[in-house]
Amino acid sequence: MLSVEHLPVLVVVISMLSSLTILIAGWLNKKSCCFIAFATILIQFIMSLFILQHVTTEGTIIYWLGGWSPPWGIEYVVDALNAYVLVLLLFLALVCVTYSKRSIEHELPRQIVSFYVLFQLLITGLCGITLTGDIFNMYVFIEVTSLSAYALIASRGKIALKASFTYLVLGAIGACFFLLGIGFLYAITGTLNIHDLSLILPSYYDNRAVQAAFVFFTVGLSIKMALFPLHVWLPDAHSFAPSEISALLSGIIIEVSTYAFIRISFSVYTVDFITRYVPIFDFICWLSAIGIIVGSVLAIAQYNLKRMLAYSSVSQMGYIMLAVGLSTSTHSPLWGGLNPALMHIVNHALMKGCLFLVAGAFIYKAELWDIADLKGLARKMPYTCFGFTLAAISMIGVPPSVGFVSKVYIIFASLDAASAGHPAYIVFVAVLLFSTLLNLVYFWRVVETLYMKGEDIHSESVKRDELPLSMLIPVLILAALCIIVGIFWLIEMPLPVFDQINELFHLGAYATS
Amino acid sequence: MIAEVESLTPVFAILCPAIASILIILFGKWPNIRECWTMLAGILQFLIVISMVPVILDGNIITCTFFTALPNVEFGFSVDAFGLVFAITSSFLWILVSSYSIGYMRSLHEHAQTRYYFCFAWAIFGAVGIALSGNLLTMFIFYEILTVSTYPLVAHDQTPEALFAGRKYLAYLLTAGVFFLAAMIITYHISGTTDFVNGGIPNLAAEASRAVLVVLFMLFLLGFMKAAWMPFHSWLPTAMAAPTPVSALLHAVAVVKAGVFGIIRVVCYIFGVDLMHELGLGLLLISIAIFTLIVANLFALAQDNLKKRLAYSTINQLSLVIFGAALLTHDGIEGAMIHIPFHAFMKITLFMCAGAIMVASGKKNISDMAGIGRVMPVTLIAFTIGALGMCALPPTAGYLSHHLLVHGCIEAGGAISYFPYILLIVAILDVMYFFPIIYIAFFKKPEGGSKLKEAPIFMLVPIVITATCSIIFYLYPDLFYMSDLVETAMTSLNIGGGVHP
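Protein chains in written order, with our numbering: chain A, 1 to 513; chain B, 1 to 501.
Note that these hints are calculated values from the structure, not bench results. Don't be surprised by glycine CBs; every beta carbon is placed ideally from N, CA and C. Please note that the accuracy of each hint is not assured.
What the hints assert, rightly or not - Computed Cβ-Cβ distance ranges for the label pairs, DEER-style:
#1 B:192 / A:5: 42 to 50 Å
#2 B:39 / A:46: 30 to 38 Å
#3 B:8 / A:426: 36 to 44 Å
#4 B:66 / A:60: 46 to 54 Å
#5 B:212 / A:157: 35 to 43 Å
#6 B:192 / A:4: 38 to 46 Å
#7 B:39 / A:464: 23 to 31 Å
#8 A:53 / B:284: 55 to 63 Å
#9 A:105 / B:66: 13 to 21 Å
#10 B:284 / A:202: 51 to 59 Å
#11 A:276 / B:212: 46 to 54 Å
Start from the sequences and build out the full structure, keeping to the hints where you can.
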């Protein structure tokens, strides 16, 4: 009988095997690739649901690879945080792979096989990052993810090659920083296992090398998650990649880097270290706040839809990292600790995923890249445009959408932190509210073009030219979730999963001081 | 003691337009069936809303809670007498405007009619939601829905001018939404609740300093930019680019009244009259109101476009509601509350007449309307009734609310007891810009023949009904239980007279 304890490793292994299978099967029959990928991700998604269920009811899953006991062997540790990110990651991957079938046949007809091989490898890497309990193993998976991402971004050729190259250079620098951090820690402690590190490190917190390692991790991951001002690679990479990859890149890949950052900060190091030895979170908060504004302002300046969405991602990463930065100074059971950050990770994945898929739909239908070309599309593609509008409204933060809930929770967190010893954080309230207006400016411009412009408004017979169902359904699911999940947050917070995560890291209501 | 009655009735009232909107989309290809749904939903909603009246008049509150969004903040409805006044007004007028829309949209062969009815239903959803909501969070959610759903209506024509109007509309009102959100969050942060409480949230004064409370009130005021108080009014005249039924319902009833409704809610149910006195905020509000009253009327004098002139008149009349609330006396607030439905009925008459003139003769400017009263006697008589109401002359409802406001001023005492003279000046200005229209329409020689040519019957009937109502209110203010409801609201607010220093 297969017990849930074995699932974490299976999620990674079947994904890796599947990518090889796709290569061979694709050689024989191109059409099979998409189905194999879909089936694999579906199975992985179901497994991840079991894992989440198990973790929330029974507690952490620990799996020793090959039976080797840590700290010598690699260990997979799945607690509430991993499971939560894993479910989200595989859900978005499932949506994207459904969408990709028709769109890849159209966009990259010669590269179907390699696309799905790389896609599956990308998913393998992402799952690996989230599941592993070994810091070097995490690095390996970060590289697997990045390498497949470089190739996928470049798959369109021409200008995309340049975008991919920029990402490659900066990504490699980020990975180097990460590796340096690992090296420093290994030199001091002689172990790579996260749990082991967390036991050994506290006695070395005074050590300069340990502190430097943390800074290296932070810088390395900041590049990977495009935290302002290290975001320069993101707009090109996200706008030239195939749209389902853009959706994944913006929706989950940069968030997985955020996950890695949370893991390093609170599992390898502790809240105590961050607040007392390297008080870097204050700095991250301010950087993120600047990022929120700058990202939005740059997004307003764009005329290419996907590029605009990419800059919007820079701004949204600011939201997430602001929430992470506030997590050590808030203590409410509702918006304290990591709650707003974890919430916005989901919210951003849904909204940005939907928006990028719609942007891809316009490219699929008529090679429309610029916002100005989208005139009157709402009459040709009413459902797609409706999806876009719902997601755009969520980005602006109109209640009861997901964007509204995140905004409110992060504002409460800022107020909470402001009244608990950081009076300057009151500025963040203004920043968040102001960013709402900036979002309004650049998203409404698109909505207006879709619905309100176009020459033939009085002619009754505009030919419907809707997306094929396999692309439309993913878009509509994500769009509907933007509203449904928003209401869900309002009803269900505080979620037990979030409570477990905060308890695990001694954050929020579980802070010890 | 106020009893709370748990009931799903408010939900049904809200659901009517929501379900109607879906049916409208589904039956978009069959105009007759589509518009039938609009009418049906309107009538049903009105009946449901009116069915709550007896319970409320007994001094109860109908509550219906869905879930707790934050500790002490439930998402749900809590219907009191004041909310019901607004709900009855908007749901009743929706029926009439639906009928009017049918006539208007078909006569002008407007495009995208399905979108129009769809958005209209959602706008009513928002407006009635605001009326029935029991705390700031619920109100905020419906407030934003109202803003977003009215945008396609404002920009309906899709001409550059309409698009500009739409953009301006959103820029003003969603910015206002941000201020409202900030105010709501600060209120919650200070007091731990956002419920509307008779006489104000009790611990608000104790938990925050004077300066914070004044800032909070300013945030609320900015949040209710929908009330079009000057200098944040300019979205309203621009939004007149919308089709006339939209201007009629949304810019005389739903949207702008949501603004003044919110201001009264904040004054009486969040801050409370006593705290307002203590902080001197009544004077602040009264100065804003008086400034708007006079300046809006001066602007109105200069307009030749009939709808624009009506828009400035709306700004003026909205400030009258703010003025009443700012008096912080029993009669003042009562006048403010009763002026919401009264003004709605009168102003909607005027707007619908303007639209009827446009449909029947294609004329938009007042200077072109010479002798139009002979061509369209019914419409112009209705217009005259509405105009009398704006000028606070009997026999119209406007006289009653002004009467109460004057009482409120005297009740307030001190310098404020001279304020009725300001109201008099304002009313004279009203006369100065409304009577020329009547004069031009009836007593100038028409250019063409004076053959009778009224607007379609679908448009004429609503006009006659609202005009008649405006007069009936004068004779019998309890039509639709209006005065009883306002009395009930005032009783539960329990404001003594003459508290001003």
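Now for the hints, and whether the structure bears them out:
Between residue 192 (chain B) and residue 5 (chain A) the beta carbons are some 44 Å apart, a value that agrees with the proposed interval 42 to 50 Å. Between residue 39 (chain B) and residue 46 (chain A) the CB atoms are about 49 Å apart, so this pair departs from the stated range of 30 to 38 Å. At about 41 Å, the CB distance of residue 8 (chain B) to residue 426 (chain A) agrees with the hint of 36 to 44 Å. As the Cβ distance of residue 66 (chain B) to residue 60 (chain A) is approximately 35 Å, the hint placing it in 46 to 54 Å is violated.
Between residue 212 (chain B) and residue 157 (chain A) the beta carbon distance is about 59 Å. The supplied range of 35 to 43 Å is therefore violated. Look at residue 192 (chain B) against residue 4 (chain A): about 42 Å separates their beta carbons, and that is inside 38 to 46 Å. Separation of residue 39 (chain B) from residue 464 (chain A) is about 29 Å and conforms to the stated range, judged on CB atoms against 23 to 31 Å. As the Cβ distance of residue 53 (chain A) to residue 284 (chain B) is approximately 57 Å, the hint placing it in 55 to 63 Å holds.
Roughly 45 Å separates the CB atoms of residue 105 (chain A) and residue 66 (chain B), a value that falls outside the hinted 13 to 21 Å. Between residue 284 (chain B) and residue 202 (chain A) the beta carbons are some 57 Å apart, a value that agrees with the proposed interval 51 to 59 Å. Judged by the Cβ atoms, the range 46 to 54 Å given for residue 276 (chain A) and residue 212 (chain B) is violated: they are separated by roughly 33 Å.
Hints 2, 4, 5, 9 and 11, counting from the list given before, are not met by this structure.
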